[in-house]
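Colleague: One-letter residues, chain by chain:
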Amino acid sequence: MSSKIDAELYIEVKNFYARQMRVLDDLDIEQFILTFTENGSVAHPHRNEKTVGHENMRTKMNAMLPGYQGTVTRHWFDHFLLEEHEGDALRVTYYSLVTQSNDKEEVTFFSSSSVEDIMVREGGELRIRDRIIYRDNPAKGRVI
Amino acid sequence: MSSKIDAELYIEVKNFYARQMRVLDDLDIEQFILTFTENGSVAHPHRNEKTVGHENMRTKMNAMLPGYQGTVTRHWFDHFLLEEHEGDALRVTYYSLVTQSNDKEEVTFFSSSSVEDIMVREGGELRIRDRIIYRDNPAKGRVI
Amino acid sequence: MSSKIDAELYIEVKNFYARQMRVLDDLDIEQFILTFTENGSVAHPHRNEKTVGHENMRTKMNAMLPGYQGTVTRHWFDHFLLEEHEGDALRVTYYSLVTQSNDKEEVTFFSSSSVEDIMVREGGELRIRDRIIYRDNPAKGRVI
Chain W
18 MSSKIDAELY
28 IEVKNFYARQ
38 MRVLDDLDIE
48 QFILTFTENG
58 SVAHPHRNEK
68 TVGHENMRTK
78 MNAMLPGYQG
88 TVTRHWFDHF
98 LLEEHEGDAL
108 RVTYYSLVTQ
118 SNDKEEVTFF
128 SSSSVEDIMV
138 REGGELRIRD
148 RIIYRDNPAK
158 GRVI
Chain C
18 MSSKIDAELY
28 IEVKNFYARQ
38 MRVLDDLDIE
48 QFILTFTENG
58 SVAHPHRNEK
68 TVGHENMRTK
78 MNAMLPGYQG
88 TVTRHWFDHF
98 LLEEHEGDAL
108 RVTYYSLVTQ
118 SNDKEEVTFF
128 SSSSVEDIMV
138 REGGELRIRD
148 RIIYRDNPAK
158 GRVI
Chain G
18 MSSKIDAELY
28 IEVKNFYARQ
38 MRVLDDLDIE
48 QFILTFTENG
58 SVAHPHRNEK
68 TVGHENMRTK
78 MNAMLPGYQG
88 TVTRHWFDHF
98 LLEEHEGDAL
108 RVTYYSLVTQ
118 SNDKEEVTFF
128 SSSSVEDIMV
138 REGGELRIRD
148 RIIYRDNPAK
158 GRVI
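Protein chains in written order, with our numbering: chain W, 18 to 161; chain C, 18 to 161; chain G, 18 to 161.
Just so you know, the hints here were simulated from the structure itself, not pulled from any lab data.
Errors might be hidden in some of the hints.
Note that the list lumps identical chains together, so a pair holds whenever it fits in one copy or between two copies.
Stated by the list, open to error - Here are the simulated lysine-lysine pairs, DSS-like style, with alpha carbons at most 27 Å apart:
id : residue 1 : residue 2
1  : 121       : 157
2  : 157       : 67
3  : 67        : 77
4  : 67        : 121
Same shape as in the complex, but just chain W (with noise of 0.2 Å):
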């Protein structure tokens, strides 16, 4: 990631989460699959979870989709900072926020959490290349 971190590429990754987002919460695992290299990694270090690659991700991501079938579920970011990382990539940390709402409407927390996403382009596009998700958990420090 040569540019510098300027105002376009601090718009232009907030538009990639914005999107990725959407898909997510959308549950349309194929679109969200694509937004990661093909051997990007989403790893959950509070529950020893790591999964890496498309066919993996698509795997665990259909197993867990029941879960959420009956939700909309809502991630929420805030707090971003980007930094260069390694030369050619993109260092992006987070906080997450995650809500859910019911058939009657009612909206309830799911999780709260801060993300480190390691982001390289391919072809001009950003994708991830690793994720890591910190669940907040006093009893296991804090991170980001």
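Start from chain W and add chains C and G according to the hints.
Modeller: Just chains C and G now, kept in the frame of chain W:
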């Protein structure tokens, strides 16, 4: 809206919502109405409702006002996407979470929605021509 | 703050808060204090309280620390407005929602407020000179 969607326009739009939400959450109906064009509309498809024009908006909001006076309501927005629309308009979509605080300073959820606004310029200022608020409800499908 | 309020300044301010909230939510009192000028102040008008200067902030925050150690606290901000203030300062107002997670990873609301910061530059870096936090309470009127 002939200007391309650049950082300056992105922030102008964010400022528009920062101001519009201050007047809405302050229950300042007159100032809120002025953020819409004279024939502007607000639709709530989940309750088959559409209000068109300043006069109807005023009547409707004044009728709903008592229900909001014992709380402080706050709208929290996220995941904005801006797109050119029909040449000279702007389509803005985003997530909207609404909370309320009572006189014991307890906070509760009011609603979770996605919103689609069609904006135009009048005398250089952004105004909303059409707003559609999709309340989150798994029984009704996700829209944005 | 002689520079006009453009996209670069907007994002610099957003980055300031992203960093300030990380150190606050990490309970790093020393780093948090350094984001204020030496005579900087934090006022909570709803409890008739104002703390002035690094030393008083340190004492105050250390006294409050035990109440925060069994949770992960997160501040979520929205609807920023930046205005020039008295020629060389910047007035930033925004909404602030605070959540807490316990060791069962359950999330609850802590507070909802609006905040007014007066910022200045010291050695090129943004610092807060005066912060006023208005806790949302319908009995006390809405301020921002």
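Colleague: Determine for every hint whether it applies to the structure shown.
Modeller: Hints, verified against the model:
no. : hint      : verdict
1   : 121 x 157 : between (34 Å within a copy, 11 Å between copies)
2   : 157 x 67  : within (18 Å within a copy, 33 Å between copies)
3   : 67 x 77   : within (10 Å within a copy, 41 Å between copies)
4   : 67 x 121  : between (34 Å within a copy, 21 Å between copies)
Checked against the numbered hints above, the structure violates none of them.
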